[in-house]
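Chains as they are written, first to last, in my numbering: chain A, 1 to 355; chain B, 1 to 1535.
Hint data in this document are derived by calculation from the structure and do not stem from the laboratory. Heads up, some of the hints might be wrong.
Using 27 Å as the maximum straight-line C-alpha spacing, the simulated DSSO-like pairs for lysine-lysine come out as follows [to be verified]:
#1 A:Lys-196 <-> A:Lys-183
#2 A:Lys-12 <-> B:Lys-564
#3 A:Lys-145 <-> B:Lys-263
#4 B:Lys-280 <-> A:Lys-14
#5 B:Lys-564 <-> A:Lys-14
#6 B:Lys-570 <-> A:Lys-14
#7 A:Lys-14 <-> B:Lys-567
#8 A:Lys-14 <-> B:Lys-263
Chain A is nowhere near these chain B residues, computed Cβ spacing over 10 Å in every case [stated by the list, open to error]:
#9 Phe-283
#10 Asp-859
#11 Ala-931
#12 Lys-961
#13 Lys-1008
#14 Arg-1034
#15 Lys-1156
#16 Gln-1323
Note that CB positions come from ideal geometry on N, CA and C, so glycine has one too.
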Amino acid sequence: MPAEDLEAVMNKFKQQRLPAWQPILTADTVLPAFFLIGLLFIPLGVALLYFSENVQEFQLEYTDCESITHQLADGTKRPCKEVIKETTDVCTCRISFNISETFEKNVYLYYGLDNFYQNHRRYVKSRDDDQLLGRVNPTVNSDCKPFATDSEDKIFAPCGAIANSMFNDTLRLFRKKDSENIKLIKKGIAWPSDRKLKFRNPEGALNETGAFKDTVKPLYWTRSVWELDPDDPDNNGYRNEDLIVWMRSAAFPTFRKLYRKIDHSQEGFINGLPADRYYLEVDYNYPVDSFGGKKRMILSTTSFLGGKNNFLGIAYITVGAICLLLGIIFLIIHIKFGKRAGDQLSINQNTPYSD
Amino acid sequence: MSMNDTPGGGGGYGDGSARAYGTGDGGAGGVGGRRSHARSASHGGIMITHQPHLDQGHAAGTMPVGVGGLGGPPTSTGGSGGGGGSGGGGGGYVKGHQRAFSHGQLVEGGRGHRRAGSRTDFILPEGHEQRTREREQQQQHKKTLSRSSSFPKGHSRQASRSESIYTIRQHKRTLKQKIMFWKKVPEESRTRVVVANHVVPPHVSRAQHPNGSYPDNRICTTKYTILSFLPKNLFEQFHRFANLYFLFIVLLNFVPAVNAFGKEVAMLPLIFVLGITAIKDAFEDRRRWHSDNRVNNATCRVYNRDQGRYVKTKWKNVRVGDIIHLSCNETIPADMVVLNSSDEYGMCFIESSNLDGESNLKQRQAVKGLGMDERFEVSKFDYMMEIGAPSTKIYHFTGTIPLPSGERVPLTKDNLLLRDCALRNTDYIEGIVVYAGRETKAMLNNGGTRYKRSKLERRMNIEVIWCVVILFIMCLVSAAGSGLWQSSYEVNATLGLVPFIPLESLTATNSKLKLSNNSIWVGFISFWTFVIIYQVIIPISLYVTIEVIKLMQVYHIHNDKDFKDKKSGKTIECRALNIPEELGQVEYVFTDKTGTLTENNMVFQRCSINGTDYPHTPVIVNREEKKSDQRDTFTVNNQLQEDLASVELPMIYAQPGSRQNPSSITPAKDSPSQRIIDFFFTLAACNTVIVAKYPHHDQMNASGMIVPNESANNSSISEVDNTSFNTTTSSIGSTSWAPNRLLRGLLSFSRPLSPIASSPRSTPPLTPEASPRYSVPPARQTPPSVSITLNPISHSNNLESVQESPGSLNHSANTSPTRPSLLNIQAAQIYNSNIMRDTRSLTPSPMDIKPIYEAESPDELALVDAAYKYGCRLLRRSLHNILVSLPGYGLREYEVLHILPFDSNRKRMSIIVRDPETQEKVLYCKGADSAILDNLSRAVDDKTKLRIFRTQQHLNIYSKKGLRVLCMAKRVLTEAEYEDWAMKHKEAENALSNRERKLQDSYLRIEKNLSLIGATGIEDRLQDGVPETIKAMRNAGIVVWVLTGDKQETAVNIAYSCALFSSDMEILKLNARTKDQADRTIQFYTQQIEQQEEAWQRQQLQAAANGSIGASRDHAVEFSNLQNDNSNQPRPPKERGLVVDGRTLIFILDRRANLKKAFLNLAGKCSAVLCCRATPLQKSLIVRSAKDSLKVLTLAVGDGANDVPMIQTADVGVGISGLEGKQAVMASDYAIARFKHLEKLLLVHGHWCYDRLSRIILYFFYKNASFVMILLCYQLYTGFSGSSMIDQMYLMVFNLLFTSIPPIIVGIYDQDAPAEVLLSQPQLYAQGRESRLYKSHSFWINIVDAIYQAIVLFFFAAVLHEDSDAGMYEFGLTITHATLVTQLLHLSIETKSWTVIHVFGIVVSFIIFYGFGVLYTMTCVSCFGSPSQFGELSHAMQSPIHWLTVVLTSVLAILPRFVVRSLSCSLNPDDITQVLIENRRSKRHDYMTSWSRSTSSSSVYRPNYEAETGDEASEPLSSMVTTTTVLTTTEEAEV
C-alpha cells in the first residue's frame, strides 16, 4: 500500500471514519439468515440421523453375572461380585447373548461403567504425567497422594488414584457354534498421540530391577505394571494400551472405554460380526458395589460420527425447524409491519424489501 | 471590632473614617492614616467598597515617615489595631490595645480580622456586608456602653462559616499526624522566624541556618519515585476491592486441600492486571513529573550576597529568606512579603486568578517603617521576621518585624504576595520569601487530582457486588451438593472403598479418615474450592479491559480533528482518562458565561446620538491579536467622525486663541454638537476604569542584570516639572492629543488611584483653580491649522498620525531642569542614575503614549476605548479629578465632585464633575435604558421628545440584536441645587443607621431630570456556534444553567442571544434581599407553576377524554401548538427560564435556610436557569447541590480560574483553553478550545462512549457468567467435586486472551449511529442521559441469557458425550470452543457497525484460540502440574462430533437474543434504530429517485433529511425579544 493511502487509512482510523457496515436487525434483514439456517440444518440433521441409525450397537450388563468357577455346595451359582469380596481367586462368568443381525465390519468391543466418577476433582488430579513419561524421579507428584508411596516409601508404579483403580476385568468373546475364541486386537485402541509421546517406560528392562526399580504395584492391582502384557513389550508397562485408555479420564460418570477391536482378518468375521449366538466370558475382578456402579460390555460399529447418537440428528432437525418457523414469523412481521415507516416516505412500488 | 465596643463607638467610627481621608497634615495625620488603614482592613471594607481609595488616603498620610510610622499599632498582637479615640503616639496605641484586650476579642492575633475579611471577600456581596454591619451597629447603639454579650457569639458562628469558605481546601490532619496522635504539634509551628538569607554568613550548615528547617521551593506532585514505585503502587492497587479479591483467590489456591489450579497458573490473571495498571500509573506519574519539572526549573531573580546583585535562579532553589526581584507580569515563585516596589508608595498589584479565580487586581503594599522607605537596599535588610505558621487560608497572614528600637512593624496579608499569582501594573518589586514550596498557600490549597468514578462504573460496581452474591450462592449450592454427594457414599463405605474418592492417607486412623470424608467437612472444603473455580464470574478482565477501552476512547477523542480550533491551533485535551462515558450521560450543564459562551471581547457596535444611529463595523480579530492592540475592535464610523469634526471646527475657528469668552466657545447648552462631545465625555469619564501609565518595564533582565531601557520612563519623568507644564501642555496638546512625555508625567503619580470612591467626603485637596497645572485649556492657544491637520479623528488610524513634534520635545526637555519630588524615580535612583542622562535625548516610541486601561468590566473598557478612538481620551484619573483630552478642547481637567457608584438597583452610575471652564457642576449618568429613560426631565420640547423617541427606537433595535445597551444622560446642576444635595448627601454618608438606604435615596434625588445624550450598543460577542450548541444540548434534553458573575441585565441579554432563553419563554426572576423574601418568592413561583401545570393536565385529561388528543404528552404538545390559533384551546404552560442573582443565592445556599430543596424544585420546573453575580464558590455550591440533591450527572464548563471550584465539583469538568491562564484547564477533565466543541464532545463522543461501554460492561458480565454457569452445570456430573472439564490453562486464559480483543474493539470503535446522525438528531442523546442501555434490570437480563446459553452449551454437549468414550478434556475443549463461538456471535449481535477492525478482532480471537491450542496441546506434554492436554486439540478437531456440537449449540445459544433483537428492531425500534432506518430509507429513496429521474424524468417527492435539519439549526436568532418578568416581586425587594 502506498504511503499516502496508508496515511489516509490511518487518518480515517483516528477519526473513527473507517467504512462501516451497519446491519440493522430488522425483520427483512434477518429473514434470510433464518431460512438459511433452517434449510441447512434440517437436511444435515436427517443425514446425521441416517448415519446414526446405521450404527449397530449391542450392550450387555454383566455386573451381577454368576460365577462359573465358584459355586456353593448346593450347586447354586454365586454372583461374582459376592465372590470377589471373599477371595482373591479369579472369578469367571459366562453370559450368552444373541446378535440378531450382522454387525458391519470394524466392530469394537467396549467396556462401560456406570456411576463411576472418573471426573472427580481429586481423582482426576491424582496422577503423575512425569512418571508415565518414564522419567524417574525420587518423588512423585504430591497429587498422587495417598497413592504415591506405600508404607515403606516405595513409589507406586504408576502412582495415583486413577491408575490404582484401573479396570481389570478380562473380557473374552466366544461364538456359540464352535465355542471358538474370537480373536480380539488389543493394540491401537489408545490415541496414537498418547502412545507416541505421553506414555513411555523408563530405561531398562521391564521388571522390578530394571525400569521399575524401587517401585511397588498399586494397592488394588493384582499384577505389577510390567506384567500387564508380558507377551508384547511394546504393550507393557506404562505403554500398555489398556492403562493408557484408562488413564484418559472420562467426561461423565457413565462412560465406555474401548477395550478391544474384533480382528476381522479371522475366518468368519471378514465382513463383520455375523448374526449368531455369542458368549461373553469375564474374569470378574473389578468391584463396583461400593459405589453402586454397573459394568457393561458393548459391541458397536462406528460411523464417521463415532458411536450411535440419534440425538444429534434430532437436535439439528429441531433447531432447523425452529429457525424455519422463526423465518416464517419474521416474514409475516415484515409484510405486516415492515412497511409501516416506509409508508410515510412514499416509496414507490419498485423499492426492494432489503438492502 | 473592638472599636464598636468602645464607649462612644459611633464617634470612633466617624473618626476613623475621617482620618482615612486625612490629607497628611503632619505626624498626627500620619498616625491616623495608619490606624484607620489597619482598621479598615479588619473591617473588610466597612464604609467603602474600594480599598485602593483608602490606601491612597493612607499613603498620603504616611508619606512623612516618622512618628506616624512608629506609632503604628502592634498588629502582631491585635490584628485590628488600636482604639479610635485618642490622638497619635505610643499612648494611643497602648490605650487602644488594652481596651481591645479587655473585651476579649483580640486574644489571638488577627482572628477577628480574618473572619470579617473572609466574609467580605468571598461569599457575600458588598451590600450585604454593609447591611449586616449596619444592623450590628444599630444593635451596638441600642446597647450603648453595654457589654453586648451576644455579640461575640454571633461572630463565632460566622467564623465557622468563613472557615469553610475561606480555605479552598479543608486543612486535614495528615495520616502521620493521626497515627502519632500523642505527639503534639510542636509549639514552634505557631509562629516562625525568618531571616533574610544574605544576612546569614555563608557556609552555615542547614541545621544551624535559621531558615534551615523550612522546605525549599521545590514542588512535587508526583505520587511515586523510582524506588517507591513498586511497593507504593502495589499498595495502592490492593486498595481496590477487585484486586484484593483476586489476591485472596490466589492465596486460597495455596491451601492444599482447597486448591483447584496450579499455583502459578492461578496467579497469571492477577499479575496481568497489576502489571497493566502499574504501567498506566507509571505513565501518568511521569506526566506529572514532567510538569513539576517545568515549574521547578522556571527561573526568577534571587539576591546573591556574594555578587551583590540579583542572580537568575531556578524556582526549586529558592529558599525561605531569599530576596527576590520580580518584574511586571512575572509569576510569583513563592509566598513572599513585599519589601519594596517600583511604586513610590510601595504599592503593587497582583492578579490572583490562578489561586482564587478573581481576575481583578489586588493591591499589595510594601512593608513600611523599616527606615528604608526612601531607598530600599537589599543588603541592608537584616531584620528578623516573625510570621505565622503556614495555613491554607489564602487571605490570612500575620507577622511582625521587630525593629532594633523595640518597635514592631506589623505584617498583614496586604504585604504578602502569593505563589502563582502574577505581578501586574507594577514595574518591579522586591520581596523576601516567607513560605516556599509545599508550604505556600497555593500548594496547600492544591487539592491534587481526584479519582473520579463514573456513574456507569458505580453501577458496574453494584453489579459486581451482585456477582459476589451470585458467586456465594453458587458456591453454597455446590458445596451443599458436594456434601450430599459425599454422604451418599458414606453409606456405601462399609461395602468397600470407592475408587474415585481418594483417601486422605493410606495409614490414617479410622477417625481421621472419617473426618476427611465427612460430608460437612468435604462441603466446607469444597466451598473454597468453588470460590476458586467460579472466581471468573467476578470479571477480573473487566477492570483492565475498561481501562484499556477508555484509554483508547480518549485517544480518539483527542485525535478528532473537529476539536481543533483553527484560530488558536488548540485542540482538545483529555486530562481525565477514566470518565469518557460520563460525557454521554450528562443531565445538567453548568456553564460560565464570560469567555466560555462569549469571547469576553466587548465590541462597541452602535451608538445613537441626537437620534442618529451610528453603526460600527466590528473588526474581527483573534484574541491573540487583540492582546497586542486592544483598540482595533471596530472601524470608526465616518459619519460620526464628520459630525464630530463639524463640532470642533466651528468652535476652533470661531474663537481662535480666545480665552476670555468661554461661553462662546462652548456650543449652546443643548446643541446637538455639544451632545456629541458630552456623549464621548460620558463614555470616557463615567466609569471605573483605571488608567495605567504605560507598559511596565523593568530594567532588570531575566538574569538579574540591569539593562538600560531605551524607552525607559525615567527620561520623560525627569523632563516634566511644574514650571514647564503649561508650556508643554500648550505646545503638545495642540499637535498631538496624547503627548507621551506629558502623559507619563501626568500619569505617573496617578496610577494606583482607585477610580471610585464612595464619594469624596472631605474637600478635595486641589481645586482646579488651586492647581497650577491644568488651569489653562491648551486648545485655545492652538493655531487652528495644526489642529485640523493633525486631528487624529480625521484619520482612520489616529495612532499612526500621532507624531512627536521635535520642537516641542526639545522645548520641554530644555525647560525641565529639576525633577518633581513626587514623581516615580526610585527605580532610577537605585539602579543607575546615569541612565537618566543617557536617555535624555531619546525619543520615546508612540506606542508608549497609549494609556493602558484596566477595568473590572470589559464593557467599560470598550466604551473608553471607543471614546479614545474618537479622540476623546481619558488620560488620567485620580480621586478628585480626571484629565480628558477632548476633540476641539484639548486637555481638560475636570474636578470630580462625586461618584455615584453602580449598583444593580439603580442600574446606573453617575459622576458629578465641575467643568474647568464654566465651573458648572454637571452630572453625567450612564446606565441601563430603563434606569435612564425613566428619569429624564419631563419638561421638554417636542424636538427633544422626538429625539428621545428615536433613541428608544434605536435601543429596541440594539437589544433585539442582543447588544448590551446603555444610555447616557447628563444634568447640569445649579449651584444651589448642588449645594443642597451635597449637604444632604454628606449627611447620608455619615449616617449611622440606614446608611445605605439613605445613600440610595440621595442618589435618586440627584439622578433625575436628566437630559438624554445618547445610547450605546455593545456586543459581547458570542463565540461561534454557541447558540447552536446550547440549542443542541437543550434538544438533547440537557438542562443548561448559566452561572455568571456578570450583572443580571447583561446576563439575561446574553442568555437570550445564546438561545438559553427564547422569546416565548416565561422568565422568572429571583431577586430577594432577605431570606424570608427568597423563601416566599420561591414558594410563590412554585405554587404558580404547579397550578399552571395542574390546570394544563386537567385540560389535557379532558381533551384526552374527548379523544382529541393522544395520550402521549409530546403529541399533546404538538397538537396544541397546532391549535394555538384557536383561542378557546388552552395553551400549554410556557417553558420557563429562571434568573437568580447572587444575593438570593446566598440565602438559598445557606445551609440554615433550608431553601435549597425548594429552589432546586423550582429550578427543576424551568428549562433554563441563569445565575448572575455568582461567586466562584457559589458556582461550585450550586453544582454540588444539583449533584447531591437532584442526583444528576453534572458537567461544568468554564474558562477562567473562577470556574475552577465549579469544574472540580462537577462530575465532568470541562475547561475552555482560552487565554486566561491554565487554571481551568488544569482543573478540568477535558479541555476544549471552543464552547461549540462541547456539542460534538457530548452528542457524539459522549454518546458513543456511553453506548459502547455500557454494552461492553454488560457483555462482560454475561460472558463471565455464562462461562461459570457451564462449570456449575458440570458439577452435576462430577459429584460437585469442583472438577472442571476445561483445562486450567484454558480457564485462565479464556477471558484474558480468547475473548478479550473483540469486546475491546467493540468498546473502542463501535458506533451505534454515525456522527452526522447524532449531531443532527440531538434527541438521541437521551439514550445515555436516561441511562437506557444499562438499567438495573439489564444486568439480570444478561445473567438470565448467560444461564440459558450455559444450559444449551453444556447439556447439548453433555448428551452427545455421555456414555461415550470421550475424555473429559476432549469434552471440555468442545465446550470451550462452542462457548467461544457463542460469545463471539453474541458480540456480533451486539456490534452495531462493522469495520475492518471488528472483523480483525474476531479473526484474531479465533487465531489465538487455535494458536494457543496448538501451542499448548502439541508441545506441552507435562507442564504446569496439571493433567496433560497433549493431543487433545488435534483429536477434537478431527472429530466431526466436535464441530457439529459447536455449530449446533452456538446457533441455538444465541438464537433467543438474536430473535429478541430482531423483533424489537422490527416492531418497537428504539430512537436510534428508527432514525437509522429512516435515514437508510431516505438514502435508498434518493437513489431510487435519482434513478427514476434519469430514466423517466418523473419527479417524486423526496424528503430531504439533511436540508430539514439544516434549516432548523440555522433558524434566525433575530426573533429574540427581551421579555420582561411576568411576576415581579423584585419591587417588593427593593428598599
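How the hints compare with the structure:
Restraint check for Lys-196 (chain A) and Lys-183 (chain A): the C-alpha separation of about 25 Å stays at or below 27 Å, so the hint holds. Distance check on the hinted pair: Lys-12 (chain A) and Lys-564 (chain B) sit about 16 Å apart at the alpha-carbon level, within 27 Å; holds. With a C-alpha separation of about 18 Å, the suggested pair Lys-145 (chain A) and Lys-263 (chain B) falls inside the 27 Å cut-off, and the hint holds. In summary, the hint linking Lys-280 (chain B) to Lys-14 (chain A) is supported, as the alpha carbons are separated by about 21 Å, within the 27 Å threshold.
For the given pair, Lys-564 (chain B) sits about 14 Å from Lys-14 (chain A) by alpha-carbon distance, which is consistent with the 27 Å threshold. Between Lys-570 (chain B) and Lys-14 (chain A), the direct Cα distance comes to roughly 18 Å. Compliance with the 27 Å bound is thereby established for this hinted pair. With a C-alpha separation of about 22 Å, the suggested pairing of Lys-14 (chain A) with Lys-567 (chain B) holds against the 27 Å cut-off. For a cut-off of 27 Å, the pair hint linking Lys-14 (chain A) to Lys-263 (chain B) is broken: about 42 Å separates their Cα positions.
The beta carbon of Phe-283 (chain B) sits about 20 Å from the closest Cβ of chain A, which is more than 10 Å, so the claim that it is off the interface holds. Distance to chain A confirms Asp-859 (chain B) as a non-interface residue, since its nearest Cβ pair spans about 40 Å, more than 10 Å. Taking the minimum C-beta to C-beta distance to chain A, about 52 Å, the non-interface status of Ala-931 (chain B) holds against the 10 Å cut. Here Lys-961 (chain B) stays apart from chain A, with its beta-carbon at least about 37 Å from theirs, past the 10 Å limit.
Remark: the non-interface label on Lys-1008 (chain B) is consistent with the geometry, its nearest Cβ contact in chain A lying 63 Å away (cut-off 10 Å). No beta-carbon of chain A is positioned within 10 Å of the beta-carbon of Arg-1034 (chain B); the least distance is around 26 Å. The Cβ of Lys-1156 (chain B) sits about 42 Å from the closest Cβ of chain A, beyond the 10 Å cut-off, so the non-interface label holds. Against chain A, the non-interface label of Gln-1323 (chain B) holds: every CB pair exceeds 10 Å, the least being about 17 Å.
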